[in-house]
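Asks: Protein chains in written order, with my numbering: chain A, 192 to 416; chain B, 11 to 430.
If you're looking for bench data, these hints aren't it; they were derived computationally from the structure. Glycine included, each C-beta is placed from N, C-alpha and C at the ideal position. Just to be clear, a hint being listed does not mean it is correct.
[To be verified] If you anchor each label on the Cβ, the simulated ranges turn out as follows:
#	chain 1	residue 1	chain 2	residue 2	range
1	B	GLU333	A	GLN350	26 to 34 Å
2	A	THR323	B	LEU400	43 to 51 Å
3	B	ASP430	A	ASP412	31 to 39 Å
4	B	ASP430	A	HIS327	23 to 31 Å
5	A	GLN350	B	LEU400	39 to 47 Å
6	A	SER334	B	TYR429	23 to 31 Å
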Amino acid sequence: MINLDNIYKSYHSGENSVPVLSNLSLTIETGEFVAIMGSSGSGKSTLLNIIGCLDTCDQGSYTLENTSINQASNDKLAQIRSKYIGFVFQSFSLIPRISSQKNIELPMIYAGINSKDRQKKSIKLLEQVGLTDRRHHSSAQLSGGQQQRVAIARALANQPSIIIADEPTGSLDTVSGLEIMDIFTALHKQNKTIVMVTHEDDIANYAQRIIKLRDGVIIEDTSVC
Amino acid sequence: MLMNKDQLFITLEIINQSLQSIRENRLRTTLSILGVTIGIMAVIIVGTISQGGSKVIFSELQTFGLKSLWIFRDHNDDDPNKATRIGTGINNYDLNIIENGCCRSISLITPIVNSSKLSPYINKNGNFSKSAISGVGINYLRINNDKLTSGRNFRKDDITKNRNLIIIGSEIKQKLFPNQASVLGSTLRIESRKFTIIGIIKNKSRDFLSSIGSNSEEDINSRILIPYTTFQSMLGLKKEISLLQAESVSIENAKKAATEITNILDRHHSNKFKYRSETMAQYIETANHILRGVSVIGIIAASVSLIVGGMGIMNIMTTSVIERTREIGLRKAVGAQENHILYQFIIESIFISSIGGFLGLIIGLLGSFLIAILASFPLTPSWEMIVIALVTSIFVGVISGYYPAMRAAKMQPVTALRYD
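Kindly generate the complete structure, drawing on both the sequences and the hints.
Replies: Right, dumping it as C-alpha cells:
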C-alpha cells in the first residue's frame, strides 16, 4: 500500500524555490492500476519519482508497504527500491553493452541472488515477455517494443509488489504500445500495484483509476470499473 | 572488513562488471595506462641498476678486502714548510712499532714501497713486460685477499735478509712464460738483479671496476711483488716506506684504526708531516652514495610519470562516469547502493592501473635483463621490487579512481536518469 500524506516538494531555480507538489495526499491500495496524467510541469513525474523512492519529498509523510520513507538514507532507499519496486522507463534504459538476459539479471545482482538462480529466473522472465529466443541479443539488436519488454522483465526480476512506469509506450509505435499494455494488464491481474504516468488517454484507459494533476495539485481522481 | 556471503558475492559481480567495461573500451584503456606503464618500468629498471650495481661493487670490493685501509703522506700540506720537507714520512721503525701491537683496531699491517723512478722492464729470454713493482711485507697477500695458485708467500727471513724473491700476477706469467707449466724457481731480471719466482697470484675478477678505469699496467692481475726491504735497497731509499696498508679488526673500526696509526706516525715524526688515510669502507660508502643518487633521480622520474599516469586514469574514469551517468542512474534505480557504484568504478580504475603496472613490470624486467647482459651485471630479480611495482600501481588506481567513483556513487538517481 502506498500512502502519501500532505506531500510538499519544491525545486530551486536560482534564489527562488518553485513548488512542484503542494499538500498532495494520495493513497493507492495494493493491486490497483493507476494512471497519472497531466500536462508537462504539472508535477506528475515528480510524484512518480517520489512514489518510486527515486526522490524524496521536502515535507509530508510517505509510507510504502508499512515502511516510512521520510527519513530513509540513500542506501535505505536503494534497498527499498530493490525489494518492492520495479521500474519501466520511456527510454527503456537498458545497458547497451550487455545481453537482454544480463540486463534482466541486474536488479538481482544488487539483491544478492547467486548466478545460478539469476539465470533460472531471467530465463523464466524472458519467457513471460515472449523473448526466449532473444536472450543473448544486446539492446541494439532489439526493436523498441522488444527492448521495452526486456525492461518489463527486468522490472519484475525481484518480484516487486509495485511497478512504476513512466510513459512506457511514449517511444513506441501503436502496435508495440498495445503489446506492452497487454503485459501490464496481465500483471494487474496478478495483483501487482501499477502506477503509470502517461499523457495518452488511450493508454490511461487501461488503468482502473486515473489521477489528473495540475500545478502540483490533484484536480481529478476517477475510478473506472 | 568482514563481509557476509551476499556482500562477497555482490563484490565478485561488481568486479566482473568492471572488467567488462574495460574490455569494451580497449583503445581508451590502452592509452590511459601508458603513464603508469612507463612509471613502473622506470621503478623496475632503476631498482635493478641500483641493487645490481651495489651488489657488483660490493662483491668486487670484497675481493680486495673490505677491512682494508691505507695511510700515506699527504703532500698537499697547508703549511708550506711542511709541504717541502723531503721524505715519505713513514719508515721501517714506524712499521716496527705498529707491528709490535700498539694499535688495537688493527689486525694486520703491511708496508708498501712503490717507485715512480723505477718503472722497469722485466726480462725473460727476450720477452719484456713493463710492470709496476711493489715492495711488500708478509701480510700483503692476506690483507688483499689474494691467494696463490702455486708457490709460497714471503717469509720473515726473506724480508730481513733482503732476498731477491718475486711473486707475480698470473697475467705476467702468461706473458713471460706462455708455454711453461711451472715457473716456480725460474728467474726474472729487474734492472741488474736476478729474482727467483716463488709464487703466482690467483686471478681476480675485475669486470666491473676495470670497465670504469685502471689501465693494464696497474692491472690487478699483473702485479709484481718483491720484499720491501729488497726494493728499498734497490732504490737506495734508506728504510723509507711509501704507504702502509692495514686491516682493521672490523669494517666499522677502519676509521679508528687509521687514526691510531696516524697518531703514532705524528708522534714519531714530531708532527713533521701530514698524513692521509683511505679506507675500503669509505669507497663502499662513496659507491653506495652515487648509487643512491641514481636511485633518487630514477624514483623522481618514476613518480612524475606515475602522477601523470594517475591523472590520465582519473581523466579517463571521469569521462567514463559522465558517459555512463544514465547507466549509473539505472543501476541505482534497480537497487545499487552507493558503495556498489563506488567499488565498481574504483575496481575498474585499479584494473586499468594494474594492467599498466603489469605491462611496465614486464617491460622493466626485460629492460633490466638487457642492461644486465650489456653491463655484465648479475641480474637480481627481486620479489620486493615486483611487489612494490604492483602495490604502487594498485595504489595509483585507487587514488585516481576515487574521485570519479565518488562522484558516480553520490549521483542522485532522478538526476542521473534524466541526463542525456
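Asks: Does 26 to 34 Å hold as the CB distance between GLU333 of chain B and GLN350 of chain A, or does it fail?
Replies: At roughly 32 Å between Cβ atoms, GLN350 of chain A and GLU333 of chain B fall inside 26 to 34 Å, so the hint holds.
Asks: Taking the Cβ atom of ASP430 of chain B and the Cβ atom of HIS327 of chain A, is their distance within the range 23 to 31 Å?
Replies: This hint holds: roughly 28 Å between Cβ atoms.
Asks: Using the C-beta atoms of THR323 of chain A and LEU400 of chain B, is the stated range 43 to 51 Å upheld?
Replies: holds (45 Å)
Asks: Holds or violated: the 31 to 39 Å window for the beta-carbon distance between ASP430 of chain B and ASP412 of chain A?
Replies: With a Cβ separation near 33 Å, ASP430 of chain B and ASP412 of chain A satisfy 31 to 39 Å, so the hint holds.
Asks: Is 23 to 31 Å right for how far apart the beta carbons of SER334 of chain A and TYR429 of chain B are?
Replies: holds (25 Å)
Asks: Does the beta carbon distance between GLN350 of chain A and LEU400 of chain B stay inside 39 to 47 Å, or does it fall outside?
Replies: holds (43 Å)
Against the hints set out earlier in the document, no violation occurs for any number.
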